[in-house]
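**Q** Sequence:
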Amino acid sequence: MKKIIFLIVVLLIGIGMYLYPEYEKFEVEKVQKEHVKELLEEKHPFEEHISTVETDASNLRRITFNEVKNAKFTKKNAIGKLSIPKLNFSIPIYANATEKHLLIGAATLKSNQVFGQGNYLLAGHNMSRSRVLFSDIPKLKENDVVIIEDNYKQYIYKIRENKIVLPNAGEVLEEDGTNKLTLITCLSIKDNSKRVVVVGNLEEIKEK
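For the sequence shown, counting from 1, position 160 maps to 160 in the UniProt record's numbering; every step adds exactly one.
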């Protein structure tokens, strides 16, 4: 009898260890959806003409699911929204890649970035869980569509490149005369030794 009870306890522990990460992912995804919904409640929810500052993406630290789940949402410094249509997924875009902003969305890396102009850079955390922050960015393929938008327009980009670079790869930040979107994240939640860089060309600008 004791052996049976022991086996049942071990089984329950095993099931719990398997299910908890999925529950945690569900909770974080739910929180993110609530953030976007809250942000879009107003007719013109995004701030405009924010003077941004340069941020060193090589210094991004690892974060935990608990930090993301408990992060305090803010509308302050929210300048837009990033969407991946094929995943029906959206997160806020914030001016300046501060630790606070990166717990609740994507954030700008270069000073005075303007939607649809030049090399528009965004950073986000890879939590290795689909639909959480920038976790799906490494999975983007050529011709996938990513949309960023402000209060009045949608900027539609088509992915052309997905590569892995070192954290201090300065060429990622450079301008090349084209209007493009550059998305930067870590390899995984456990590995920030390199960066995944996904680049898309601006295809279209639509009035909302």
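Incorrect hints may appear among the rest.
[Said to hold, decoys possible] Each computed SDA-like pair below joins lysine to any residue, with the alpha-carbon atoms no more than 25 angstroms apart:
#: 1; residue 1: K86; residue 2: V196
#: 2; residue 1: K208; residue 2: N143
#: 3; residue 1: K100; residue 2: N70
#: 4; residue 1: K141; residue 2: L166
#: 5; residue 1: K37; residue 2: L103
#: 6; residue 1: K206; residue 2: L103
Note that these hints are calculated values from the structure, not bench results.
Given the structure is predicted, the values throughout are model-derived calculations rather than measurements.
**Q** Check whether the Cα positions of K86 and V196 lie no farther apart than 25 angstroms.
**A** holds, 20 angstroms
**Q** Run the distance test for K206 versus L103: straight-line Cα separation, threshold 25 angstroms.
**A** Measuring from Cα to Cα gives roughly 29 angstroms; hence the hint is violated.
**Q** For the pair supplied as a hint, K100 and N70, confirm whether the alpha-carbon distance does not exceed 25 angstroms.
**A** Measuring from Cα to Cα gives roughly 11 angstroms; hence the hint holds.
**Q** Tell me if the straight-line CA distance from K141 to L166 falls inside 25 angstroms.
**A** holds, 20 angstroms
**Q** Between K208 and N143, is the straight-line Cα distance small enough, at 25 angstroms or below?
**A** holds, 23 angstroms
**Q** Are K37 and L103 close enough, with their CA atoms no more than 25 angstroms apart?
**A** With a Cα-Cα distance of about 17 angstroms, the restraint between K37 and L103 holds, given a limit of 25 angstroms.
In the structure shown, a violation is registered for the earlier hint numbered 6 alone.
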